[in-house]
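> Listed below are the residues making up each chain.
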Amino acid sequence: GDSVTQMEGPVTLSEEAFLTINCTYTATGYPSLFWYVQYPGEGLQLLLKATKADDKGSNKGFEATYRKETTSFHLEKGSVQVSDSAVYFCALKVTGGGNKLTFGTGTQLKVEL
Amino acid sequence: DAGITQSPRYKITETGRQVTLMCHQTWSHSYMFWYRQDLGHGLRLIYYSAAADITDKGEVPDGYVVSRSKTENFPLTLESATRSQTSVYFCASSELGTAREQYFGPGTRLTVT
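These protein sequence lines map, in sequence, to chains A and B. The numbers in the numbering used here rise by one with no breaks, and the one at position 20 of the first sequence is 876. The numbers in the numbering used here rise by one with no breaks, and the one at position 48 of the second sequence is 50.
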């Protein structure tokens with residue numbers, strides 16, 4: 857079946873540090889890939905997405921590139937801020953999968969001054 | 003207001019009681035979803051619906067019932083609440099399509115005593 861594997865958290869960084877959160881996937885079809893973010897006490901919201909190989913999704917300084925050859929969609933940001941502290945979820949959706957998202961378990965990011 | 007809303011936001015109930023969590027969306031999205039979020043498990047799909055009067059089981063449906071008589075509403079009922087159903091519940095909606103994102107509600111924190 858389809859699955860998403862994310863690096864374990866929590867990840868603790870100092871402000872202005874470089875961020876990478878690893879995400880790899882297994883899919884039976886050709887998936888679209890998503891990163892969602894959940895701020896404390898809130899629901900999930902889409903951070904970025906990519907729908908085909910070599911696409912780069914970007915938003916709010918975050919980027920992720922769809923790498924079909926390595927089945928990966930790693931999230932990066934060049935300089936994190938305290939306000940980026942949240943839980944980040946990698947997810948995929950395949951055609952014919954009932955329009956369902958398959959989520960990773962989430963990675964908590966803590967950014968300190 | 004436009005968007006997706008959930009009610010109540012917080013609920014405490016006793017073991018054995020019936021509880022209904024409400025979800026309402028204003029976009030007329032065809033698909034709606036219910037998830038539960040627990041530490042160590044990420045998001046797990048309980049039930050989803052492709053349209054009014056069409057529902058299907060997700061990963062963890064036992065102990066839950068759903069209905070969808072109107073496109074905009076998707077209530078989730080715990081017929082006889084158990085302590086293991088203490089969780090945060092999220093409703094989401096989307097249109098059909100591999101590239102379409104899901105939009106999440108703010109969540110309902112349910113405690114079963």
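Worth flagging that the hints you see were computed from the coordinates, not collected in a lab. A portion of the hints provided could be inaccurate.
If you want a taste of the chain A side facing chain B, the calculated C-beta under 8 angstroms gives, among others [said to hold, decoys possible]:
1) 866
2) 869
3) 951
Footprint (simulated), chain B over chain A, 3 or more residues, beta carbon under 8 angstroms [as the list claims (entries may be wrong)]:
4) 873-884
5) 921-927
6) 931-940
7) 962-969
In silico BS3-like pairs for lysine-lysine, Cα to Cα no more than 27 angstroms straight-line [said to hold, decoys possible]:
8) 59(B) x 956(A)
9) 933(A) x 966(A)
10) 933(A) x 912(A)
11) 72(B) x 59(B)
12) 956(A) x 924(A)
13) 912(A) x 59(B)
Bear in mind that the values here come from a model prediction, so they are computed numbers and not experimental data. No residue lacks a Cβ here, since even glycine has one placed at the ideal position from N, Cα and C.
> If any of the earlier hints don't hold here, list their numbers in rising order.
1, 2, 4, 5, 6, 7 and 13
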